[in-house]
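Engineer: So you can see what is in the structure, the chains are spelled out below.
2 protein chains.
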Amino acid sequence: MRKKLILDLDTGIDDALAIAYALGSAGDADLIGITATYGNVAVPLAARNALAVLHAFGRDDIPVYPGIDHPIAPAKLPLMRGTTPDERAEAYRRWQEGGEDGWQTDTPWSPSPGSVAVHHPNGIGGAVLPDSPRQPEAPGSAVDFIIAAARECGPDLTIVPTGAMTTMATVFRNAPDLKDSGINVTLMGGSLTLPGNVSPAAEANISQDPEAADYLFKCGARTTMIGLDVTHQTALTREKAHEWAALGTPAGDFLVTMTDYYIDFYVKNQPEIHGCGLHDPLAVAAALDPSLVTTFGFNLQVDLEGPFRGRTIGDRSRVQDPDKHTQVALGVNVPAFLDRFMQRVTAVVRG
Amino acid sequence: MRKKLILDLDTGIDDALAIAYALGSAGDADLIGITATYGNVAVPLAARNALAVLHAFGRDDIPVYPGIDHPIAPAKLPLMRGTTPDERAEAYRRWQEGGEDGWQTDTPWSPSPGSVAVHHPNGIGGAVLPDSPRQPEAPGSAVDFIIAAARECGPDLTIVPTGAMTTMATVFRNAPDLKDSGINVTLMGGSLTLPGNVSPAAEANISQDPEAADYLFKCGARTTMIGLDVTHQTALTREKAHEWAALGTPAGDFLVTMTDYYIDFYVKNQPEIHGCGLHDPLAVAAALDPSLVTTFGFNLQVDLEGPFRGRTIGDRSRVQDPDKHTQVALGVNVPAFLDRFMQRVTAVVRG
Chain P
-14 MRKKLILDLD TGIDDALAIA YALGSAGDAD LIGITATYGN VAVPLAARNA
36 LAVLHAFGRD DIPVYPGIDH PIAPAKLPLM RGTTPDERAE AYRRWQEGGE
86 DGWQTDTPWS PSPGSVAVHH PNGIGGAVLP DSPRQPEAPG SAVDFIIAAA
136 RECGPDLTIV PTGAMTTMAT VFRNAPDLKD SGINVTLMGG SLTLPGNVSP
186 AAEANISQDP EAADYLFKCG ARTTMIGLDV THQTALTREK AHEWAALGTP
236 AGDFLVTMTD YYIDFYVKNQ PEIHGCGLHD PLAVAAALDP SLVTTFGFNL
286 QVDLEGPFRG RTIGDRSRVQ DPDKHTQVAL GVNVPAFLDR FMQRVTAVVR
336 G
Chain F
-14 MRKKLILDLD TGIDDALAIA YALGSAGDAD LIGITATYGN VAVPLAARNA
36 LAVLHAFGRD DIPVYPGIDH PIAPAKLPLM RGTTPDERAE AYRRWQEGGE
86 DGWQTDTPWS PSPGSVAVHH PNGIGGAVLP DSPRQPEAPG SAVDFIIAAA
136 RECGPDLTIV PTGAMTTMAT VFRNAPDLKD SGINVTLMGG SLTLPGNVSP
186 AAEANISQDP EAADYLFKCG ARTTMIGLDV THQTALTREK AHEWAALGTP
236 AGDFLVTMTD YYIDFYVKNQ PEIHGCGLHD PLAVAAALDP SLVTTFGFNL
286 QVDLEGPFRG RTIGDRSRVQ DPDKHTQVAL GVNVPAFLDR FMQRVTAVVR
336 G
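Sequence order for the protein chains is P and F. Each residue of the first sequence is one higher than the one before, starting from -14 at the first, in this note's numbering. Each residue of the second sequence is one higher than the one before, starting from -14 at the first, in this note's numbering.
Bear in mind the hints are in silico, worked out from the structure with no lab data behind them. Take the hints with a grain of salt, since some may be wrong.
One copy or two, either will do: identical chains are not told apart, so a pair holds if it fits within one copy or between any two.
[To be verified] Derived DSBU-like pairs (lysine-lysine); straight-line CA-CA distance at most 35 Å:
1) Lys225 x Lys203
2) Lys225 x Lys309
3) Lys203 x Lys309
Looking at chain P on its own, in the form it has when it is part of the complex (with noise of 0.2 Å):
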């Protein structure tokens, strides 16, 4: 049966690569809508990157909603703006008890030097993308999109968040009983087996509001984490993104001329992974088909503070609780995913 779909992106180029796969599924899919999340770029950029996407492939009918822009507590500033670890705690616990968010400074969030080297200032590789004719929904409209689609379709629903987890994690504090409405959440993010990407700790997505990701892994909801365990066995070489060039069409020259750029960076900086790592896309593709992963289910947290900050690790607490809230992907069927992916984006991109 189709499942409904809600890709929440921080649009970014393996974000850019989700949507074609999400778009390419549709035998498995309805994408009914983009929510826009940060961290390779800011919630505005990657609103504006979902949307020319989209529209690049044709798909002007998926709307997209802007979601939180910014982390529950300021914990990229501690030294810059003097905040203490009390004071982080003492805003993500505002936070948990309903206040609109711990931020309690005048500056806006924006990338780490990381990700604007990983994903180029503009996100998608410094590719020229036109902007959508359409503008995103209200800001801060994703919240109450989510919450709505959830409460409509229940299990029938599947979100695929592959970013800062503010925007999820603000749902099931503001729409508590969807912990058990069994809507699927498979989440890029995180590292159990694996050192970090931004820290020898942490990974890029949980590490944009460690608060958030806690709070999601904490709260009740089922989660499916498709991590850097998984990613990081997954890549795209530069050989096979250059079939799409053979296609001729303006949709293939931007996926390769964004590829191009984002395998640049792996080769020079982590050439372990022999291409790109295909983080986002392979969520969508466990989120549709979750045979293609092995999982294990586990109690995770979010270590908060000190150089272990981001990390996700099992919950001491929980863990002679024999009901694991998170499942988490230890093992994927590579060729399965590769092929499926080359054969779904390239049909999108084939137009």
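Take the given structure of chain P and dock chain F to it, following the hints.
Structural biologist: Then chain F, alone, in the frame of chain P:
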């Protein structure tokens, strides 16, 4: 078929329970020797305690071989002795290339205050246990004993190391042919999906000699890791342990005194365990019957510097290698293990 079994112990409270479990498993395995490593206590005390425990259980036929008595690199003394990361890396390299060891100080290894707190200065919870009438074998004889046994028994040999991995790593460094000999190495140590127990990163056994553990995971040997991932799921309650008191035997009284001390520590410091961890006995049980645990294959490394020193984590350079050298236990059949533990240990205590 009955296996040949060697326990490489830093005896220790749960090591003493592991000896009892092994002796109670005579139908599965023939305990052909105990080798002494360090961690809970220093090697001489580990050998003394192993002999004393064997004597208490009426098994003066099993030889005890002292192993390497200090880590490869003087890692515990970086500030005190002025060693640097570069000096430690150099010590590790010298050792890998066949040097006797990298230890370049005149300070003997001694257990950390944490180990002393967990196991008491006498290693067995302050219980009074008479010396064995026997002496240990020659100092350092553990390496040669294990190599000879592995050459003789091949896949019929199971080794269960439960302390610092120095002796085990030296075995594979000195006899590289054993990597493909089919011997089964099921180690208690590490923590892949939970925080460590001596730091947010490090589990105690690995932290004693991170270089040795790193070598063991990378050298090509086939290992099974029984870490905190599963040992924190299995706990011995005070109520269960006190069943041994009713047996009215000196061995039973010894185990009750010892485990009371251990459980006191856990109640105070890790109440979420609901008893005391059965780390080492679970490793023996899983070595003898792998069906008690659920494992997943990984290629591991050990972090060697900074706040992550001693962390067991996936080796990113080998994540795409389909050949996984370590099976990490992530799940455990808790009721089956606890039943078997009580049956086998109680049978030995009853005499």
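Engineer: Confirm or reject each hint.
Structural biologist: Evaluated hints:
1. For a Cα distance limit of 35 Å, the shortest separation of Lys225 from Lys203 across copies, 32 Å, qualifies, whereas the shortest one inside one copy, 39 Å, does not.
2. Proximity of Lys225 and Lys309 under a CA criterion of 35 Å is satisfied inter-copy only: 27 Å between copies versus 38 Å inside one chain copy.
3. For the homomeric pair Lys203 and Lys309, the shortest alpha-carbon distances inside one copy (10 Å) and between copies (31 Å) are both at most 35 Å.
The structure agrees with every numbered hint stated previously.
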